[in-house]
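Spelled out, the chains give:
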Amino acid sequence: MSSTVATAPEQATKQDSRVARPRRRVPAPYFLLIPSVVILLIGMGYPLIWQTITSFQEFGLSQQFGQPAPFVGFANYIELAGNPVMWGVVGRSLLFMAVTAIITLAVGLLLAVLMTAVGKVVRLTLQISLLLAWAMPVVAAMTVWIWLFDRRRGVVNYLLDMIPGVEMNRFAWLENPFTFFMVASIIVIWMSVPFVAFSVYAGLTQVSDEVLEAAQLDGASGWQRLRFIIMPMIRPVIAIVLLLQLIWDLRVFTQITMLQDAGSRASEFDLLGTYIYKLGAGSQDFGMASAVSIFVLLLTFAISWYYVRSLLKEDEQS
Amino acid sequence: MTTATTPNHTQLLTSGRSGRAAKLRTRQPLRLSRVLYSVLAIVIALGWVFPVYWMINSSLLPNRTLQSFIPTFVPINGSLNNYSNALENGSFFSALGISLSVTLIAVFFCLLFAFLAAVAISRFRFKGRKSFVLAVLIVQMLPAEGLFIAQYKMVASVGLLNSIIGVSVIYTAAVVPFTIWMLRGFVAGIPADLEEAAMVDGLSRTQAFMRITFPLLAPGLVASGVFAFLQAWNEFTVALVLLPAEAMQTLPLWLRGFIQASATRETDWGQVMAASTLVAVPVIVFFLIVQGRMTSGLVAGAVKG
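If you read the sequences in order, they're chains L and A. Quick note on the UniProt record's numbering: the first sequence kicks off at 1 and runs consecutively. Quick note on the UniProt record's numbering: the second sequence kicks off at 1 and runs consecutively.
Do not rely on the hints blindly, as some may be mistaken.
[Said to hold, decoys possible] Residues of chain A placed beyond 10 Å of chain L at every Cβ, according to the derived structure: (1) Q67; (2) N85; (3) A120; (4) E145; (5) D201; (6) M248; (7) I259.
[What the hints assert, rightly or not] Distance ranges between label pairs, derived from CB positions: (8) A:V35 x L:W87: 24 to 34 Å; (9) L:I49 x A:S68: 21 to 31 Å; (10) L:A239 x A:A192: 42 to 52 Å.
Hints were generated in silico from the structure; no laboratory data involved. Glycine included, C-beta positions come from ideal geometry on N, C-alpha and C.
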């Protein structure tokens, strides 16, 4: 798709835009785009092509030392398809993505509604807390959370242990995959909810007051106003936010890597990002790592396809 | 300039009277529920901010206190010793320097390239424009975790592993799409009529742009620049892959290495928390200053053609 930018024949364009906007000189926009296109081709385009080609090659340790990389067709993909570890990683990643993104969206929505229901001072307090969490650099946030969940002296175990009948002293959260990913999910939700809450709150403040009042006069209940007026109006915001969350939660890497630092590196603790990293940087199996990467790219596109298509439609209409 | 069609968070934060939220609230019929909501909101606020508080609290306490099985919730006998110890760790300042260099280079080129591109797509109609906008959108969806193997091979093959240039190139490429996306909203928010009026008065197109539109664009450039800064400053994955040498760590890598090194012994949580605070506080302050602009620019980018 992007190739049309580079290859569009200038003669034809000259004519096109003369018709559209006679006063504008024509080659200018192309010159303006050159730097961006060049850096994108270097930093993203070339790696993407390399990765695609390598995913069809055998590219292991011996290729690292200069052996030519033979083409093996779909062998890497077929091997992955028959690899239970890979399916475990894919299943976990999708589950993690769905659970985390949906809880994030739900909590964000509730907080946004809560913001409209409280006074100014309380709202500001809530907003500042959320902003602080939002602004924390991921790596700093991770070290704090690992400290909070520390087995022996973490505050989480201490506080849970105080609940009568709960025996949580020295509970090792990061030692079994279920609680490991629970912790990861809590952290990711903590960091992402502010973005959702602020975006939705911004959307809520755009809902026309007159319409709501008219609906109330016509006898619409609070729930009906929410269902038939507010929700449809903020749906575009929710759609974008949910899509971004899904994409971001599919590619969590820093959080998982740092939790693995503190817990376990066994493969049951991998999501797609760390799995690629281990295949590539760890086992030096670039062919397989590339195949997994391409799989992740396709997965991302599959998830975002609906949204990209609706954007395309809008673009055509405008 | 963007407030006409998009919400401005700064305004929402600072004045309760702007936006319709204020009016929405006046319709709350029950006082009791209002009180309940307020209590709920305060509890959530305290819970949400707790990790940040805990980081600062722990960073002020001596390790002896932190090793107790009963947590200390208020740093009454706090000191800044952990900070001086973390700074004495040596590599902090080297990491700070590398982070600054990489980030500033990336931000400079990002802004320059994105500015030119944003002008092209919001001031000109040309063949391939829609394709470019779409490409920008799609590139943002490429997961960094799906590309770092190739980026590593590419950077290594030109001998730029462990170099500031290698990382800067990848950062620029990674952040440029989002910067274009944000800036196009800002450029589109400035009416082209202003330029056309100036051209009627005898200025050339470029002159009109530089004298009329460019000054109005300054806030947008600042906001996008800050966004690019935060992205590059906090980046972890690409740095991890392209900067394997210990002497070439950025701050996020330094912090991770710090916690790893101390984890081999009994973790010195006080120092680790001081280190985290050192990395986090400048970013938090920076972010709080500009976040309103940032989010409104982001929304503008999504809304405007």
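A quick look at each hint next to the structure:
1. Q67: Non-interface label fails for A:Q67: nearest chain L Cβ at 7 Å, not farther than 10 Å.
2. N85: holds (16 Å)
3. A120: violated (4 Å)
4. E145: A:E145 not clear of chain L: closest Cβ-Cβ about 4 Å, inside 10 Å.
5. D201: holds (15 Å)
6. M248: holds (16 Å)
7. I259: It is violated; A:I259 is separated from chain L by about 5 Å at its closest Cβ, not greater than 10 Å.
8. A:V35 x L:W87: 24 to 34 Å: violated (51 Å)
9. L:I49 x A:S68: 21 to 31 Å: violated (57 Å)
10. L:A239 x A:A192: 42 to 52 Å: At roughly 30 Å between Cβ atoms, A:A192 and L:A239 fall outside 42 to 52 Å, so the hint is violated.
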